[in-house]
Amino acid sequence: MIARLMIGSNPLVGVDHFSFERARKVRLEESEEKALQVLRTAFAAGATGFTFSPGLRAINLLKGMRDSKDGSRIRLYPVLPALEKYWPAFMAKGTYGLVSSVLEDLSWAGKAKAMIRGGAAALTSNPLSSLGLYIDVELEKIKAASPEHWQIDTVFLGEMFTDMALSLGATNLLRTYRDAVERSGRFTAGLQTRNFAKLVAVLKTGGWTGRFPVVMAPFNPIGFQMTPTREKCEEAATGLVGLDVVGISVLAAGQLGLREACSYLRGKDYIKSVAIGTSDPKHAKETFEFLAGNFRHDDLF
Amino acid sequence: MSQTCDISVAVVGLGGIGALHSGILASLPSTRLVGVVDKEPRLVRMARKAIPNMRFYSTVEDMVTESRPDAVYVCTPASSHVEVVRSLLSSSHRPLGVFVEKPLATNSRDAEELVRLAQAHGTITAVGHQRRLTPTIKKTRELVESGVIGDLGLFRCHHFASSVLSKGEGWRFTPGSGGVAMEFGIHLLDIVIMLFGEPQTIRATSSRLFSESVEDYVGCQLGFKSGLSGVVEMGWSQRGYDPPELRVEIQAQKGAIITTEDAVRLLLPKSGIGPTERIETFYGAGMIPELPFLLGSPENVLIDLDFVSSLRGKLNPQVTFEEAAKVIRLLDAIRESTQAMF
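As they're listed, the protein sequences go chains A and B. The first sequence begins at 1 in this note's numbering and counts up one residue at a time. The second sequence begins at 1001 in this note's numbering and counts up one residue at a time.
Simulated from the structure, these hints should not be mistaken for laboratory data. Treat the hints with care, as some may be off.
Chain B is nowhere near these chain A residues, computed Cβ spacing over 10 Å in every case [claimed, not checked]:
#, residue
1, 21
2, 151
3, 163
4, 179
5, 188
6, 259
If you only want the chain B side, here are some residues facing chain A, beta carbon under 8 Å, derived [what the hints assert, rightly or not]:
#, residue
7, 1006
8, 1023
9, 1058
10, 1062
11, 1143
12, 1144
13, 1243
14, 1256
15, 1258
16, 1287
17, 1289
18, 1290
19, 1294
20, 1297
Every residue gets a Cβ at the ideal spot worked out from N, C-alpha and C, and that includes glycine.
Using the sequences provided together with the hints, build the complete structure.
Structure representation (structure tokens):
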């Protein structure tokens, strides 16, 4: 039973896994007002959450909703860090450059916290403490930009970091991340991955399945972005107790229709939430009315 | 190679691309990441805390002696490639294979030196020109080689991005090791060589918009022995290209191919009433092969898979030092041509 219906920010901010051309068009031609209209339409049609990477465009959307005195009660599902912001620093200067960029971006309040925690030099030598500081600062920024009644629910570690930690066996990074999120407030720590089967195997081996209850991963009938295969991902999820999967890429970046995607999701008990993005108000209305009519289960909120 | 048939691999350089290769290699079946080298002590200290199970070294020599890898990835700045590869191939435990991240070298002389070094030791070599494995580029090559559009007449292509819109710092903006052609357009130049071979004539122009010492735009006209000619443009200060666009348009006697990273469109003449062209579209997202693990883009994983399987079969990977040296020769010729204009 689908518990959470989230609208995803990617198409609103010009991120498209199927078409760079479509992404460029959004960035060049679509207005922020239209993106806000998409959000309002989605929430009116039944979306209950908003998942986003907190780059400049997404933060501006939150501010736009706040300034329009939006009265809805929406749950927020940020995915950290904002790759559009920090990926160039990572590719140009590596891990050290990434940490340095995050520290350079800290607000005065963040810099004060950094000093309390031993100064920037100590943080750059220990990326795990930098992570805690970064999460604090990013979540404060999100809270400040959001409408009054919107609440942060689950904070996801983005796929690049989750999957890098999985591949290199840096499971203490995942543990530190979870601790840092829980210390920041009453939030749940979630993981986003494009390697669901591997993640489940690592969580099982570490006895951690109950400690990361929410995992965001691609699920669709054609196996789009499901690594290594659709079958392996489904097999990994089957029979898992206490794991709440947020299905993303459920429309396979536009390759599938809504009915086709929904008939696949029905019967997948482990998929308790879905996140779908759109940049068109009409499509937002059709999509979330259809999903709310077919799946939503208010008791789970 | 070890008795378990695993391939043991080490990575030199823990910058962005080194970290990415390390992550991918550590996840590939029957492949073991046995060591990572970086000379920056702060970075090594930081990495040791984050990844306690990994072995980190501060010198190539220490890593080779202790880890004895079957293959080494060199992910340091291009100006250091000759020195690092020479050190690897003269070590007591000489690796079977060496993968060098692109560009192979900063000039033809160094590229040829690397080719000679590898040939002298019988090393299996590869270079990180992973765009050859982008599904739409791979499909374009298949279509060209199939002859479906006939003899090629002309092409035009570009790789544009909006990534440098202010003055930059570091080696990407230093003459000799940086600039748009070396740092960004090199993928497009490699694709041009893969599709059409090495050009005979080159006439290039360049301009600066934000950078003080390197070019932000390069355009060149290329002529080939077969009579084929084409235009190549590379720019990282082009507004309106976020995300970037890589586009190749090939015109031929029997048809045309228009390729981007999104899709390949094959245009063939159509007889009868209606549109004069029949268009067949192949979408990139539908052509991604099954991968054991996904980190970064699919082509990042595919190029590592290609190298590791080449080591197993003792075969040449898709892009060897010899092949990548052609790209450096083309870059040098472009540099010469732009300098001749001023």
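Classify the label on residue 21 (chain A) as holds or violated, using whether its beta-carbon is more than 10 Å from each beta-carbon of chain B. Incorrect as stated: the minimum Cβ-Cβ distance to chain B is 6 Å, not above 10 Å.
The hint names residue 1297 (chain B) as touching chain A; please verify it with the least Cβ-Cβ distance against 8 Å. At about 10 Å, which exceeds the 8 Å cut-off, the nearest Cβ of chain A leaves the hint on residue 1297 (chain B) violated.
Beyond 10 Å from each Cβ of chain B, as asserted for residue 179 (chain A): holds (15 Å)
Does the interface hint hold: is residue 1062 (chain B) within less than 8 Å of chain A, judged Cβ to Cβ? Residue 1062 (chain B) check fails; min Cβ-Cβ to chain A is 20 Å, beyond 8 Å.
Can you verify the interface hint for residue 1258 (chain B): is its Cβ closer than 8 Å to any Cβ in chain A? violated (12 Å)
Taking the least C-beta to C-beta distance, is residue 1006 (chain B) closer than 8 Å to chain A? Violated, about 16 Å.
Against chain A, with CB atoms and a cut of 8 Å, does the hint on residue 1143 (chain B) hold up? This hint is violated: residue 1143 (chain B) lies away from chain A, its Cβ roughly 20 Å from the closest one there, beyond 8 Å.
Given residue 1294 (chain B) as an interface hint, is the shortest Cβ-Cβ distance to chain A below 8 Å? holds (4 Å)
Hint validity - residue 1144 (chain B) Cβ closer than 8 Å to any chain A Cβ: Result: violated, 22 Å to nearest chain A Cβ.
Next item in the hint list is residue 1287 (chain B). Is there a CB on chain A closer than 8 Å to its CB? Violated, because the Cβ-Cβ distance from residue 1287 (chain B) to chain A comes to roughly 12 Å (cut-off 8 Å).
Could you let me know if the closest chain B CB is still more than 10 Å away from the CB of residue 259 (chain A)? The claim holds: residue 259 (chain A) sits with its nearest Cβ about 20 Å from chain B, beyond 10 Å.
Status of residue 151 (chain A), Cβ more than 10 Å from any chain B Cβ: It holds; residue 151 (chain A) is separated from chain B by about 31 Å at its closest Cβ, greater than 10 Å.
Going down the numbered hints, you'll see the structure goes against 1, 3, 7, 9, 10, 11, 12, 14, 15, 16, 17, 20, while the others check out.
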